[in-house]
Amino acid sequence: MAARRPVSQLGIDRADVRRARTLARQVGKPIVDLATRHTTVSVERATLRLAGLGGADPDGTPWVNRLTDAVRADVGLEHGVSLPAWDALLRGEGDDLLTLAQKAAAGSVTFRVPEGKDATRARTASRKAVGAGIRQIDRQRAAREKMIAKVGDAPSKPWIYLIVATGDIHEDIPQAQAAAREGADVIAVIRSTGQSLLDFVPEGATREGFAGTYATQENFRLMRAALDETSRELGRYVRLTNYASGLCMPEIAALAGLERLDMMLNDSMYGILFRDINPIRTFVDQRFSRQVHARAGIIINTGEDNYLTTADAVEAAHTVTTSQLLNEYFAKEAGLEDWQLGLGHAFEIDPEVPDSFRLELAHAMLARELFPDAPLKWMPPTRHMTGDIFKGYLLDGFFNLVGALTGQGILLVGMMTEAVVTPWISDRDLALQNVRYVMNAAGNLREDFRPAPDGFIAQRAREVLGEAIGLLQEIKDDTDSAGDPPLLAAIADGTFGLMKRPADKGRGLDGVARKARDYYNPATEILEGEK
Amino acid sequence: MSLIRPYGDTTGDGMVQLSFTLPIEHSKVAEGAAVQLANKMGMDPALVVHAKPMGEGFTFFVVYGRVNHLVDPSTVEVVERDYPLLTPKEANASIKRSLRRRLTVVGACIGTDAHTVGIDAILNIKGFAGEKGLEYYREIKVVNLGAQVSVPQLVEAAREEKADAVLVSQVVTQRDAHLLNTREMSAAFREAYPAARRPLLVVGGPRFDETMADELGVDRVFSRGTTPGEVASFIVHRLTGPRTPTQEKAS
Chain A
1 MAARRPVSQL GIDRADVRRA RTLARQVGKP IVDLATRHTT VSVERATLRL
51 AGLGGADPDG TPWVNRLTDA VRADVGLEHG VSLPAWDALL RGEGDDLLTL
101 AQKAAAGSVT FRVPEGKDAT RARTASRKAV GAGIRQIDRQ RAAREKMIAK
151 VGDAPSKPWI YLIVATGDIH EDIPQAQAAA REGADVIAVI RSTGQSLLDF
201 VPEGATREGF AGTYATQENF RLMRAALDET SRELGRYVRL TNYASGLCMP
251 EIAALAGLER LDMMLNDSMY GILFRDINPI RTFVDQRFSR QVHARAGIII
301 NTGEDNYLTT ADAVEAAHTV TTSQLLNEYF AKEAGLEDWQ LGLGHAFEID
351 PEVPDSFRLE LAHAMLAREL FPDAPLKWMP PTRHMTGDIF KGYLLDGFFN
401 LVGALTGQGI LLVGMMTEAV VTPWISDRDL ALQNVRYVMN AAGNLREDFR
451 PAPDGFIAQR AREVLGEAIG LLQEIKDDTD SAGDPPLLAA IADGTFGLMK
501 RPADKGRGLD GVARKARDYY NPATEILEGE K
Chain B
532 MSLIRPYGDT TGDGMVQLSF TLPIEHSKVA EGAAVQLANK MGMDPALVVH
582 AKPMGEGFTF FVVYGRVNHL VDPSTVEVVE RDYPLLTPKE ANASIKRSLR
632 RRLTVVGACI GTDAHTVGID AILNIKGFAG EKGLEYYREI KVVNLGAQVS
682 VPQLVEAARE EKADAVLVSQ VVTQRDAHLL NTREMSAAFR EAYPAARRPL
732 LVVGGPRFDE TMADELGVDR VFSRGTTPGE VASFIVHRLT GPRTPTQEKA
782 S
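Chains A and B are the protein sequences, given in the same order.
Using the numbering used here, you'd call the opening residue of the first sequence number 1 and step up by one each time.
Using the numbering used here, you'd call the opening residue of the second sequence number 532 and step up by one each time.
Mixed in with the good hints there might be a few duds.
Computed list of lysine to aspartate or glutamate pairs in DMTMM-like fashion (alpha-carbon distance at most 25 Å, straight line) [said to hold, decoys possible]:
id, chain 1, residue 1, chain 2, residue 2
1, A, 391, B, 540
2, A, 505, B, 556
3, B, 583, A, 510
4, A, 505, B, 692
5, B, 620, A, 315
6, A, 500, B, 540
7, B, 672, A, 480
8, A, 505, B, 691
9, B, 620, A, 352
10, A, 391, B, 662
11, B, 672, A, 510
12, A, 500, B, 670
13, B, 559, B, 540
14, B, 672, A, 312
15, A, 332, A, 477
16, A, 146, A, 78
17, A, 128, A, 525
18, B, 583, A, 118
19, A, 505, B, 587
Residues from chain A that keep clear of chain B, each with C-beta distances beyond 12 Å, as calculated [stated by the list, open to error]:
id, residue
20, 8
21, 54
22, 236
Hints in this document: simulated from the structure, not taken from any laboratory.
If you're wondering where the values come from, they're calculated on a predicted model, not measured in any experiment.
Positions of the beta carbon are idealized from the N, C-alpha and C atoms, including for glycine.
Put together the whole structure using the sequences plus the hints.
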């Protein structure tokens with residue numbers, strides 16, 4: 001791999017890059033081991049969803065929740081739901097999962113952990129049922145590839161990423177179609193505030209949300225169908241994005257695969273730091289969801305931009321690099337390839353800081369050099385958008401220029417009305433004009449632009465990488481009295497952001513179980529390609 | 532104070548700029564419509580300096596023109612916030628100075644309300660409207676009990692945590708549930724605590740009327756669009772302000 005890389009424009013020593021990746025692996029590996037030793041309610045529910053169980057009871061509680069809770073009440077979560085559930089089906093307790101879930105909810109089924117031949121039969125039956133869901137994911141991946149071959153792909157990079165967020169799926173659809181016609185290559189449907197803290201996935205088409213629209217299987221299906229129509233009309237495939245984060249990350253990943261979403265926001269630590277979700281829950285859920293994304297050909301977008309919304313973008317620049325390296329390790333471990341890694345970063349330095357543009361450029365070039373084959377997701381300014389829309393428009397122009405100069409793969413379009421209103425039709429149009437002007441005017445400037453070897457930009461990039469290596473080393477050496485993996489200890493004492501998140505606290509901890517010896521999950525088995 | 536009018540480049544010219552979108556295809560008629568709107572808004576003469584189709588069936592306009600209106604600053608009425616807005620840093624400093632310990636806030640959605648969106652927007656570090664939530668404040672200890680908390684549970688948690696302030700969010704308003712729940716909550720706190728020791732009670736939600744605090748028996752009501760900074764500033768003001776007379780020159 002090293003042989004085909006051009007010499008670093010930033011004068012970065014390859015040995016440092018190797019060292020950074022080695023440290024990321026050393027920090028990440030114990031977390032992966034921890035994740036493989038545990039399961040969560042959401043992983044089990046995702047498995048049931050892959051086996052085709054959908055819908056909800058009259059109170060809106062999904063059947064996957066009812067069935068998982070019933071199994072758990074009888075035999076615990078540590079064996080997984082698959083063996084007890086399919087054992088019950090084989091014992092004639094229900095014709096299918098839905099009937100079984102209904103009966104279980106009514107309390108008329110008793111679950112057990114099957115042994116011997118019964119266990120083998122339950123294993124085979126569950127693997128067959130879950131396998132059908134995974135085949136559906138495979139079909140959707142093939143359908144995406146076929147459609148791109150037929151109607152064409154986004155004409156150029158970066159892909160233009162626009163957001164809709166009305167709260168009502170039936171309002172979102174025409175807005176998303178209009179945004180695509182105006183030039184968006186990627187449409188993201190913002191989720192309703194707080195969905196990440198719901199321990200269930202709402203059901204059906206939803207028309208009421210708070211500053212966003214609920215992620216549901218039906219909403220996914222409706223929006224993908226609408227964008228397919230628009231893709232054919234425009235002669236280019238318009239991608240759809242949602243959020244695999246929060247307490248239901250694995251289930252939402254499964255639904256995204258089943259309904260052919262194309263990108264998912266999926267950060268390894270965001271939920272821990274910003275939503276106070278239990279660290280172990282997050283890492284277990286995250287690994288499963290990334291395995292699903294890998295299978296589904298979904299591009300993940302990580303959330304490093306969030307660090308810069310709480311911390312100073314200059315002082316905390318190295319935490320972005322550190323997180324990118326960790327996200328890369330966890331993603332690859334779960335089977336994702338470079339082209340699927342939309343590693344995040346953002347243009348958030350205070351414009352009053354001298355040389356702020358040079359600093360931004362240094363940080364963006366560093367990300368580009370460290371991850372040459374990853375698309376990278378470049379996020380526009382938000383913190384220093386003050387309501388002065390004229391200044392904001394200029395700032396967005398400079399953001400776009402850095403994007404053009406550093407070959408970003410995914411460019412979230414900055415709105416001059418950030419922090420003022422949700423984007424108006426004119427805001428979106430003006431923002432796209434800004435992007436087009438910069439890309440047209442400066443598109444291949446990258447060819448001509450070489451930072452001076454010992455100039456400000458190259459030195460700053462090396463400095464940030466050095467600080468990131470220092471931080472990774474510090475994390476690796478971190479310990480706590482419980483003997484947790486170093487990364488958990490580091491998260492507990494507030495190394496990231498400003499938040500202290502101990503491994504035994506946070507939301508969703510009661511949904512975590514250490515696997516028993518006879519734990520079985522057909523989805524994991526298939527996704528990991530084992531016999 | 533004298534009457535004033537907008538200023539472009541000459542005193543008294545009354546010039547303003549305006550941009551807007553009309554749901555009409557771009558044409559001469561569309562531009563005429565834009566002028567008509569500007570005229571009706573009091574701009575005369577109005578000059579359409581830019582018109583551009585945006586999306587299907589929409590046109591965006593930039594209009595410059597002269598308004599004939601005069602404004603009289605002496606008759607402007609403003610409702611002043613009765614507490615200063617503090618940055619997180621200032622709030623932390625103020626708590627440190629006057630409490631000499633961390634300030635504890637207990638938050639919850641009470642009753643059957645499962646919508647934690649409001650309480651989370653205020654408490655979670657993620658925050659709302661570009662402001663970080665109360666968790667971000669070093670000197671504030673946040674205990675977020677989440678949704679569907681009963682009033683007795685809330686009182687119990689407030690006692691246990693020695694809460695300085697209790698934040699309650701109510702989103703669901705069917706049959707005035709938010710008002711009933713709030714009255715039940717404030718009554719329970721009045722019963723459980725002597726008046727001087729009762730934590731500060733704050734409720735919030737999109738359908739609350741901010742003037743109803745007394746009627747509901749709480750210290751403050753926050754309505755739609757309230758940001759974490761406003762809530763933090765209010766709490767800090769009330770808990771560190773009046774009882775510490777030495778701090779008048781502190782800021």
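Checklist entry - What hints, given by number in increasing order, does this structure fail? => result 2, 3, 6, 13, 16, 18, 19
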